[in-house]
Amino acid sequence: MTDRAGVYARIIELIEPLNAKKVPLTETTTFAGDMEMDSLTVMDLVASMEDEWDILIPLNMLPDLETIGQVADAVHGLVAKKG
Amino acid sequence: MPNLPVTDLLSKFDPLIAEHAGLLSSGIRDPFGIVMDKVLSPTEAIIKGQHTILLGTYNYMGMTFDPDVVAAGQAAIRDYGAGTTGSRVLNGTYQTHKECEAALMDFYGMSHAMVFSTGYQANLGMVSTLAGKGDFIILDADSHASIYDGCKMSNADIVRFRHNDAADLEKRLKRLPADAGKLVVLEGVYSMLGDIAPLPELVAIAKAHGAMVLVDEAHGMGFFGPNGRGVYEEQGVADDVDFVVGTFSKSVGTVGGFCVSNHPKFEILRLVCRPYTFTASLPPAVVASAATSIRKLMTAHDKRARLWEATRRLHGGLKARGFRLATQTPESAIVSVLMPDQETTALMWSTLINLGVYVNMSRPPATPAGVFLLRCSICALHSDAQIDTVLGRFEQAAQMCGLALHEMA
Ligand SMILES: Cc1ncc(COP(=O)(O)O)c(C=O)c1O
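In order, the protein sequences belong to chains Y and X. Throughout the first sequence, residue numbering follows the working numbering, covering 1 to 83 in sequence. Throughout the second sequence, residue numbering follows the working numbering, covering 1001 to 1409 in sequence.
Worth flagging that the hints you see were computed from the coordinates, not collected in a lab. This one's a predicted model, so the numbers in the text were calculated from it and none came from an experiment. Note that CB positions come from ideal geometry on N, CA and C, so glycine has one too. One thing to keep in mind: the hints can contain errors.
Which chain X residues face chain Y? A few, computed with CB under 10 angstroms, are given here [unchecked claim]:
#: 1; residue: A1141
#: 2; residue: S1154
#: 3; residue: I1158
#: 4; residue: R1162
This is chain Y alone, in the form it adopts within the complex:
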């Protein structure tokens, strides 16, 4: 499950329980804007993705990751780099 599609699918599963407003989740859904996720929830989500793939997503990367698609790209890149 480390190809882009697999990563994306798993990220959707991880977000689902935190999607309090039940907005449709797509590549372009934004965390702050569409889902209205607060920063603490975002940080908890980051921790669960780190543990899922045993990677490191520094918090200072977060401002550049606004959509689910961008997060999937970043995670996929980090997983690939890990080898």
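Go by the hints and put chain X with the ligand onto chain Y.
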């Protein structure tokens, strides 16, 4: 050319403005708009004409009105003037500032001390300066805003671990490059829930992974450990802590912040730490009061004992009355009462202030895990009678607000 219409930069706060207005429209007092008309002592003030017991000031050791502390400030303002009008590294270091740093070195038994204008700036400066590009800062998820802001200001990569969770810290440290610079940032006491850190476990893991350790003892100074240095002293990890950050705005009873360390290259930080360099130094009266207070805290054994006694009385009393508390036992001099939701918290807070008891109201995002709290901080000068009065008023307020109290198990 006509001017373009202005985009109001404050409109992003409209939701918060509406929420605050909604809160006040229910008739409650503004929890963030308290004005102390008169301060009678470290434990009592007049608020809106009403005599009020202060139970949310972090004035743990009651030093604000200590006669020696006040006299030292008065002498310094007379002899050195009202302010320094300058940075610590230019014209803003007086004899008083050096004496204050000497008091800190004696208090902590360390070879270096740097005094900042606030504790917020001490964390901002230390965290952002110690860890630079290519380094890692590993911080507890429940860290104080000043630590998070220090992370934002640094060029390091920021890694957060689950609150007080040694296994989670280890898991995250293992993912970092072995040869990278690492700073693990911890607090002795976490001020929202009043819980303390398991420092021996956390510090041992940090050291095993080659990290330097900074501990913020803002809420531990004065009454933890044989010399009152903080939780890190009480738990016996002093030898493995590289930097201790603290504040004068709690036990010391005035304002200011500091970092102490035995690191041989510590003094260079005065030239490279921007929140130290690019701001005016504390007024002479403040540092003179702080120095006197710190020296008195070194031997304040009776006050320490009294603080713990009063804390146990409040914690036990609230628990016995069926309030739900954030810690099962009193771990620090902060006793946090768990509330069910925003409305009840605000109503309880407002009822308490009307009954003449001031506590802190805390809500997300300042609190972890979305909890709502009424936070009490105890002072060594609170009498048993005051604590008992507070307990009675808490019970009365709960009744008036329809807050369900729990049967003791
Ligand atoms: C844990 C912690 N660190 C630092 C600070 C900042 O202290 P100061 O009030 O001196 O800016 C505080 C208090 O607000 C705090 O609770």
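Structure-based check of all given hints:
Taken as an interface hint, A1141 (chain X) checks out: its beta carbon lies about 7 angstroms from the nearest beta carbon of chain Y, inside 10 angstroms. Against a cut-off of 10 angstroms between C-beta atoms, the interface hint on S1154 (chain X) holds, since the closest Cβ of chain Y lies about 9 angstroms away. Satisfaction of the interface hint for I1158 (chain X) is found here, the shortest Cβ-Cβ separation to chain Y being roughly 4 angstroms, below the 10 angstroms cut-off. The beta carbon of R1162 (chain X) is positioned within 10 angstroms of a beta carbon in chain Y (closest approach about 7 angstroms), and the interface hint is therefore held.
The structure meets every hint from the earlier list without exception.
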